[in-house]
Amino acid sequence: MAIFGKKKSEVESYNEITVMNALKKGDMNVKLSALIFGFGNIVNKQIIKGLLFLLVEVAYIAYMILVGGKTIVDFITLGTKVTGSQLNPETNLMENVIGDNSMLCLLYGVVTIFITAAFILFWREVIKSAYNTYLLKQRGKEIPSFIDDIKSLFDTNLHKTLMALPLIGIVVFTVMPLFFMILMAFTNYDRDHPVPGKLFDWVGLENFGRIFNAQSSLGRTFWPVLGWTIVWAIFATFLNYIMGMVLAIIINREGTKLKAMWRFIFVLTIAVPQFVSLLIIRTMLQPNGAVNVLLRNLGLQGQSDYLPFFADVTWARVTIIIVNLWVGIPYTMLQCTGILQNIPAELYESAKVDGANAVITFFKITLPYMLFVTAPNLITSFIGNINNFNVIFLLSGGQPSCAEYYKGTAGKTDLLVTWLYKITINNKDYNLGAVIGILTFVICATVSLIVYRNTGSYKNEEEFQ
Amino acid sequence: MNKKEKSMSTRKLVNNIIVHVFLTVLAIIWVLPIAWVVLTAFRKEPGSYLTYIMPKGYTLDNFINLLTKTNVINFPRWFMNTLIVAICSCIISTFFVLSVSYCMSRLRFSFRKTYMNIALILGMFPGFMSMIAVYYILKGIGLIDGPGALKLLSLVIVYSAGAGLSFYVAKGFFDTIPKALDEAAYLDGATKFQVFTKVTMPLSKPIIVYTILTTFMAPWLDFIFAKVIIGTNTKYYTVAIGLWNLLEREYIYKYFTQFAAGAVLVSIPVAVLFMFMQKYYVDGLSGAVKG
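These protein sequence lines are chains C and X, in that order.
Per my numbering, the first sequence runs over residues 1 to 465.
Per my numbering, the second sequence runs over residues 1 to 291.
The list that follows gives simulated cross-link-like pairs (lysine-lysine, DSS-like), each with its CA atoms no further than 30 Å apart: (1) 257(C) to 12(X); (2) 139(X) to 428(C); (3) 198(C) to 139(X); (4) 24(C) to 113(X); (5) 151(C) to 205(X); (6) 179(X) to 151(C); (7) 6(X) to 364(C); (8) 151(C) to 198(X); (9) 205(X) to 259(C); (10) 428(C) to 235(X); (11) 113(X) to 25(C); (12) 205(X) to 160(C); (13) 227(X) to 198(C); (14) 12(X) to 259(C); (15) 257(C) to 6(X); (16) 113(X) to 128(C); (17) 81(C) to 139(X); (18) 259(C) to 6(X); (19) 151(C) to 113(X); (20) 364(C) to 12(X); (21) 70(C) to 139(X); (22) 227(X) to 407(C); (23) 352(C) to 6(X); (24) 160(C) to 179(X); (25) 352(C) to 12(X); (26) 227(X) to 412(C).
Some but not every residue of chain X turned toward chain C, in silico, with C-beta under 10 Å: (27) 16; (28) 220; (29) 228.
Derived from the structure by calculation, the hints contain no laboratory data.
Only a predicted model underlies this, so the values are computations on that prediction, with no experimental measurement involved.
Ideal placement from N, C-alpha and C gives every residue a C-beta, glycine not left out.
With the hints as constraints, model all of the structure from the sequences given.
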């Protein structure tokens, strides 16, 4: 029967086959497999599998000898030879020398580290595989052939097949770049050390010190920008949440006519690509933009007057929060509508009997219920707002500028993320950008750790299946 | 009708009037920017900042010029670039998202929980942070300096490589499919792969459609990654960077009405797709937060 056949390669329970057990309890063949990959498999007639293991080991060693070793040395020194003209002692002439590129030294070093890490994980699998075969043989069970192994990739080991490509994508294009950028925070790769012209070097925690020091011009930028980022995230998240919910309630209430039409109008604005609507609103809010023109034509302000939507600090900040409401409220409304309809009607009935008015009902019934259901969403949107690049970048571009800020890299409405963008792309201070990125992460992680720990849906994930 | 009932119904009427006036005002505020850009797209006279609101004349020239006069701004080409990138990254991403979500929902293996935690942590880094490193990695592989078409390939990689991290919505959907179906299939001798393709997939049409649409729309909406990767070669622009560029100082006066026309052209398909998947969007969200 198939159900028994399926169990063949699963005889050993999960926890028995570990690297520690293999090295302690395995025989000589298993232990030799730790040095010569696939040895244990080959002696037990799993020839193809064993040879493939061996091939990977040979490839890794070859890589390390030919390329890897040098990249590790370069990774530690970050390059020693400076590019430029140098006196050649033999010919007594100036010669152009192409030196090391610190950035590439760092990058290749990171690649080698990742290859080595993958190799270590692979080594563990090899030992486990040898030990598994050894146990099967010892217990007189059938040893799976290569064909069996391939088949198991579509059955018991299906997760390996399905996860392989997505995982490679994530490791190469998300984890590795992040690791690379994090390392950059500990170097002096900035405007004064551009590659390939100059070398940069490890500087330890110096960049963090500079940013935290409230006396330096960097610190005088970091703390206010951080403050505004948090104020922004709080306002953007909670105003959107409350107002979107109120809008959903108003549309859903008994007496409202044409419910579908109202919903359609608001949803229409989500359907327009965000960069389009934000760029349009930016144009409309310029001193001579449509909004000011409209106010002039209605006679509400003089012909040369204008509302300084992005020119004045307070105006700009309030404008951005309000425009973000324009963007965000329909989303919340859409999301709330479904949940609102799930609130048990009896709750409202009994509130009515007790003589509660709309406001009391909202605070005593609707809001607690919504908070209960959507708490995890709220935290995701808080983090999303801390990292909300589009709204700031497309709307105000961080303006109005502030001369007091570090080399004018940030404006008064810049968030940490947009500052990160400007400081790396415009100012080429890659190390500072990396520090800002790390600090943004720390803030997000702290906030969500506290909230996730206290939400049931994360703790009891299995219960609802 | 006694006095009390009468006052109740008047109060109800007043309430209803207030609510509808309020909704009308809000609706006007929400529709205004969209109406304005549509008006601008059909406006005869050029220019970005005018001293009046309603156009003096209407024309289709903005659309026609945008689609035919391609020597300075090549909108059809940008559109094709984006379409190609969108189709490729949509295929890869959908495959990635569905595979990972299925593994997270149905298969049990040692690093499952670890993977979910790692995905959570990775999501907290600013997306832009890794961009510079990704740029250099792509450059290292030779995709940035090679023929321009490789830049589009880079974009496909950037949009789809991380797809395996956004499995929450689809996982939530798979969680709602009864496990009894799987078990019945196993009893009939099906392998896990067969259960995935023959049992789960046919039941998952809504989430497949949702995944295809969201991943297809991403390249139309993103512009920051595209901007870093494509650089200054206008031939390989996507519509998002192309349109953004039209608002730069040197173009804005002459091309503003064409920008509006382009914005309308891009918005229509995206809006249609969005309206189509709205239901799935709501279902997906409420499914994901059920716990």
